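Peer 1: Protein sequences appear in the order of chains B and R. The first sequence begins at 1 in my numbering and counts up one residue at a time. The second sequence begins at 1 in my numbering and counts up one residue at a time.
It is worth saying that the hints were derived from the structure and are not from the lab. Only a predicted model underlies this, so the values are computations on that prediction, with no experimental measurement involved. Be aware that a few hints might be false.
Listing some non-contacts, in silico: residues in chain R with all C-beta distances to chain B over 12 angstroms [what the hints assert, rightly or not]:
(1) L55
(2) G60
(3) P113
(4) G145
(5) A187
If you want a taste of the chain R side facing chain B, the calculated C-beta under 8 angstroms gives, among others [as the list claims (entries may be wrong)]:
(6) I5
(7) V6
(8) K7
(9) R10
(10) W57
(11) S67
(12) P69
(13) S71
(14) V203
(15) H206
If we take Cβ atoms under 10 angstroms as the criterion, some of the chain R residues that face chain B in the derived model are [claimed, not checked]:
(16) L2
(17) S3
(18) A13
(19) V59
(20) D62
(21) R63
(22) R72
(23) P160
(24) D173
(25) I188
(26) V189
Ideal Cβ placement from N, Cα and C applies to all residues, glycine included.
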Amino acid sequence: MTSVLELRGVGKRYDGFALDDVSFALPAGVIMGLIGPNGAGKSTIVRLILNLASRDSGDLRVFGLDAARDEVAIKTRIGFVHEVPVFYPHLTVAGLGAMAAPFYPKWDRSRFEQLLKAFDLPPRRRFGRLSRGMRTKLAIALALSHHAELLVLDEPTSGLDPVFRRELIERLMQYVADEGAAVLLSTHLTADLERAADCITFVQNGRLVFASTRDEVMDRWALIKGPLELLDAGLRAWLKGVEAGPLGFVGVSDDVAAARRRFAGQPVVIERPTLEDIICYTRPPC
Amino acid sequence: MLSLIVKDLRAGALYLGLKVLVLGLLLASALVSGKAFLVLSCVLAAAAVAVVALLDWSVGADRFVHSLPVSRAGVVRARYATSLLLASACLILASAMAVIFAAIVAGRGGVWPPWVMGETALAALLYVGVFVAVLLGCLFQFGVGAGGVAAVIVMAVLAPVGVRLVRPAVLADLMREVGVIPVVTAAIVAAGLLNWVSMRISVRAHASREF
């Protein structure tokens, strides 16, 4: 499959934070969840893709083009939603659509109007008078109205009610099916991804933990619960993010087969973890 | 670039409208004095430029604008183009008002006011041209906070000297000595060159900015 988006050894250094040697590829027609705790580097990756920040090292290609050098050609084909959508507060919803339209050769006015209706967005309401959720809906409507081949969405579901979050995920899946587009969905609301994402990329402390298909992740990782008597130093070192309490220990492993072998015949429960479990149990110690 | 200019004008339309209205009234009341007319014409043009220049920064729309299919250099060039267009439009409006006023006065048997002359408009054009170059140069170089302060300091240093050197009377003398066309051409070239240099510096500064 051709990659719509490809990062190879991408690095970016700030005071107190560094994104280091991040590599992954996003093929066409795929929804990729970009997960990680706050401050892991998700938004930095999004900003590098949109050339809002310049990378210090590595290669970042979108549609086979260099993200920095060919930014105009690339962004014509990208739909974006930022974590906190900010537009001009005195312009109306329809006015913002009219402002964005000339920038995109494939702008689809009728689709924009349909989306405004579907999202219950009053066209004549000023942006400054929209709620947080409505602002995000408007940003999503703008992103979906020019037949973008890649959607880069940074926390698009935060601030949205669960009903619309579900609707949005369904719309994204439909969009991918209709347009053959790729979606990079950065979020910490991992339940959305368990329903929609084909691939998961997990970053933590600016480093890539894994990038693989959702099924591979779910099949490979294990949530392990057992009695405290088993929790010796060796097991502590072997498990990731082990938590011990009066009722026993809980931790995760990225090798379910090894876990099954290790705990064969022992009073241990091995479960399929959620993405949230993986994020929580692999977080670095404070 | 045209899309960016239209975006700037569209985004600033409401604020521009208000300022044009308020300053237009002030301008109309100042038509009896040539000096006040010149000052207020420049203030009107400068205010329009400042509104457009500061709008993206003040509402925090930078990230949105730079996520659109535009280059950093394109954003800078469009900002200069919009500012100079707006400044010219404001000065043309002010000049038209002055000429109408003078024509009415002269039509009623009065004397054509001596300040309603080309040299006044040319002086205003130069002042506003310098203002655009300094304001945008400082904003793109240092950002909205420090850049605004830097622009005020630079203007405070330049304005007294500049206004003394480039008075309408001085320009009138020059036009008499050298001719109208060479002086107007030189003034436009000087303002254009200053803005071109300022824009080159701004493009370089803006290229490394992050959003």
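Peer 1: Hint by hint, say whether it matches the structure.
Peer 2: Hints, one by one, checked against the model:
1. L55: 7 angstroms, violated
2. G60: 5 angstroms, violated
3. P113: 39 angstroms, holds
4. G145: The claim stands: G145(R) keeps its Cβ more than 12 angstroms from every Cβ of chain B (closest is about 18 angstroms).
5. A187: Non-interface label on A187(R) holds, nearest chain B Cβ at 34 angstroms vs cutoff 12 angstroms.
6. I5: 10 angstroms, violated
7. V6: 7 angstroms, holds
8. K7: 5 angstroms, holds
9. R10: This hint holds: R10(R) lies near chain B, its Cβ roughly 6 angstroms from the closest one there, short of 8 angstroms.
10. W57: 11 angstroms, violated
11. S67: 5 angstroms, holds
12. P69: 4 angstroms, holds
13. S71: 5 angstroms, holds
14. V203: With a minimum Cβ separation of about 15 angstroms from chain B (threshold 8 angstroms), the hint on V203(R) is violated.
15. H206: 12 angstroms, violated
16. L2: The hint holds - L2(R) has a Cβ within 10 angstroms of chain B, the shortest such distance being about 8 angstroms.
17. S3: Given a least distance of 4 angstroms, the restraint on S3(R) holds.
18. A13: 9 angstroms, holds
19. V59: 6 angstroms, holds
20. D62: 8 angstroms, holds
21. R63: 6 angstroms, holds
22. R72: Status holds, d = 8 angstroms.
23. P160: Since the shortest Cβ distance to chain B is 36 angstroms, the answer is violated.
24. D173: 46 angstroms, violated
25. I188: This interface hint is violated because 30 angstroms lies over the 10 angstroms limit.
26. V189: Interface hint status for V189(R): violated (31 angstroms vs cutoff 10 angstroms).
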